[in-house]
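Asks: Take a look at the letters that make up each chain.
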Amino acid sequence: MDTNSNKYTLIYSVVMVFIVAVLLTLVALSLQPRQQQNIEIEKKRNILATLNIETNAKNAEELYEKFIVEEIAVNSLGQILENIDVFNIDMKAELRKDSKDQILPVFVAKTDDGNTQYIFAMSGKGLWGVIWGYVALKEDFTTIYGAYFDHASETPGLGAEIATKTYQNQFKDKVIFNENGDFVSIKVIKGGAGDNPSAVDAVSGGTITSNGLSDMLNTCLSAYLNFINENKNN
Amino acid sequence: MFSKKNLKLVTDPINKNNPITVQVLGICSALAVTVKLEPAIVMALSVTVVTGLSNFVISLLRNTIPKRIRIIVQLVVIATLVIIVDQFLKAYSFDVSKQLSVFVGLIITNCIVMGRLEAFAMANKPLPSLLDGIGNGLGYGAILVIVAFFRELFGSGTILDIKVIPQAFYEAGYMNNGFFILPPMALIIIGIIIWLQRGKYKELIED
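Those protein sequences? They're chains A and B, same order as listed.
The first sequence runs 1 to 234 under my numbering.
The second sequence runs 1 to 207 under my numbering.
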């Protein structure tokens, strides 16, 4: 057979593409449930990380059931919304909407010391790609209990340091309101935060990532501000 | 199956015809995924699966492939295999697939894969092609593992995330070398390996 004729080349490519398409569809469909499960487990591990709970892929779901007592959805006015799949809210997509249309997730946790912590979702931009995380506030809705951040593609050794435990531990016990009760968020400051109760050190060599983190904290906590204020005054 | 000639197909690329140190292919990903040992091992296995199977498939098809779309057919086969590997990693080795991020997808553009298809699989029978692919994948992987071993040891003080440098060293003032975490150090280590290898096998030295 002439393997160089136009007809043969055309038929060959059509058949090849068809076979490949069927094959890839089968593989993708059969592995999808497992991949989806991995993504969920990852998210649960991230949320638990703000409570300083060590997890692995195996015990994450069990620990999540144990510590997270409630998942609530709030809007930008601080009202609680019913009948929403809170766990699967896409924070990045919500932040792109007008503030009045946003639906934001809050995870309520009961830690071993008997206290209740409120975990808020974060999403923002670093230098090369998205950054995201969770911040847990104590019952006073002012003091940070713990924080977790991760990134898609920040520079290893520089911006990527925001994903390390050492870096995240800085956030513990920082306050998001000043002594007059005004919202100040948490500033990420180059050259050291000193004893500023509402600031942490920036990553040296990771200025843009640090600024991105600062912006993310400000934007996301602001989005929750009405909810936070309402509960803080109670 | 394991005649001397076939065995040579597997062992040659690991040493005297190594794709990285002798053919100087696939350097880019060797710099990127060798910060830690575990991702390097997974990457090495992934590349070995892709080079082996793509060599095998292309060799089976070699007499039917229309000349004018030869490269396209090769790319389709490579891309399909890479996507399958990527999907499997996402399902069964999620943490590592997160660390490898885009580099699994970039196996498609790894010169070693395409180079072996053109140079070997298009002209040889399926079995030798499979072995040649596996050999080249392992040769690439061997360098990756060596580089990652040193980078993780000196850069993070761990091997496979297990602490190996005793705490007493740190207390005595020892510090992890941050330079090992950055890509240039991978290039320097590869350079040292090339130097050692050519010191041993004089015939590899070019004029």
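Keep in mind that the hints were calculated from the coordinates and are not lab data.
Note that CB positions come from ideal geometry on N, CA and C, so glycine has one too.
Any given hint could turn out to be false.
Said to hold, decoys possible - Here are a few chain B residues that face chain A, going by a calculated C-beta distance under 8 Å: (1) ILE69; (2) GLN87; (3) GLN197.
As the list claims (entries may be wrong) - Using 27 Å as the maximum straight-line C-alpha spacing, the simulated DSS-like pairs for lysine-lysine come out as follows: (4) B:LYS202 with B:LYS8; (5) A:LYS92 with A:LYS138; (6) A:LYS232 with A:LYS92; (7) A:LYS92 with B:LYS98; (8) A:LYS165 with A:LYS66; (9) A:LYS58 with B:LYS5; (10) B:LYS4 with B:LYS200; (11) A:LYS43 with A:LYS172; (12) A:LYS125 with A:LYS92; (13) A:LYS7 with A:LYS110; (14) A:LYS97 with A:LYS172; (15) A:LYS7 with B:LYS163; (16) B:LYS98 with A:LYS125; (17) A:LYS138 with A:LYS187; (18) A:LYS138 with A:LYS232; (19) A:LYS43 with B:LYS98; (20) A:LYS165 with B:LYS163; (21) B:LYS4 with A:LYS165; (22) A:LYS125 with A:LYS97; (23) A:LYS138 with A:LYS174; (24) B:LYS163 with A:LYS58; (25) B:LYS125 with B:LYS4; (26) A:LYS7 with A:LYS58; (27) A:LYS165 with A:LYS138.
Asks: Given the hint that LYS138 of chain A pairs with LYS187 of chain A, does the C-alpha gap stay at or below 27 Å?
Replies: holds, 19 Å
Asks: Assess, step by step, whether the Cα of LYS163 of chain B is no farther than 27 Å from the Cα of LYS58 of chain A, and give holds or violated.
Replies: OK: LYS163 of chain B and LYS58 of chain A at ~23 Å, within 27 Å.
Asks: Can you confirm whether the C-alpha distance between LYS125 of chain B and LYS4 of chain B stays at or below 27 Å?
Replies: Roughly 16 Å between the alpha carbons, so the hint for LYS125 of chain B and LYS4 of chain B holds.
Asks: Tell me if the straight-line CA distance from LYS4 of chain B to LYS165 of chain A falls inside 27 Å.
Replies: violated, 52 Å
Asks: Given the hinted pair LYS4 of chain B and LYS200 of chain B, is their Cα-Cα distance within 27 Å?
Replies: holds, 23 Å
Asks: Holds or violated: are the alpha carbons of LYS7 of chain A and LYS110 of chain A at most 27 Å from each other?
Replies: Outside the cut-off at roughly 69 Å; violated.
Asks: Sort out whether LYS138 of chain A lies within 27 Å of LYS92 of chain A, counting only the CA atoms.
Replies: holds, 24 Å
Asks: Does LYS165 of chain A pair with LYS138 of chain A here, judged by a C-alpha cut-off of 27 Å?
Replies: Within the cut-off at roughly 19 Å; holds.
Asks: Starting from LYS202 of chain B, check that the Cα of LYS8 of chain B is at most 27 Å away, please.
Replies: The given pair, whose Cα atoms are some 20 Å apart, holds under the 27 Å limit.
Asks: Would the hint on ILE69 of chain B stand, with a C-beta cut-off of 8 Å toward chain A?
Replies: holds, 6 Å
Asks: For the pair we were handed, LYS165 of chain A and LYS163 of chain B, check the Cα-Cα distance against 27 Å.
Replies: holds, 16 Å
Asks: Quick one, are LYS92 of chain A and LYS98 of chain B close enough, alpha carbons at most 27 Å?
Replies: holds, 19 Å
Checked against the numbered hints given earlier, this structure breaks hints 3, 9, 13, 14, 15, 21, 26; the rest are met.
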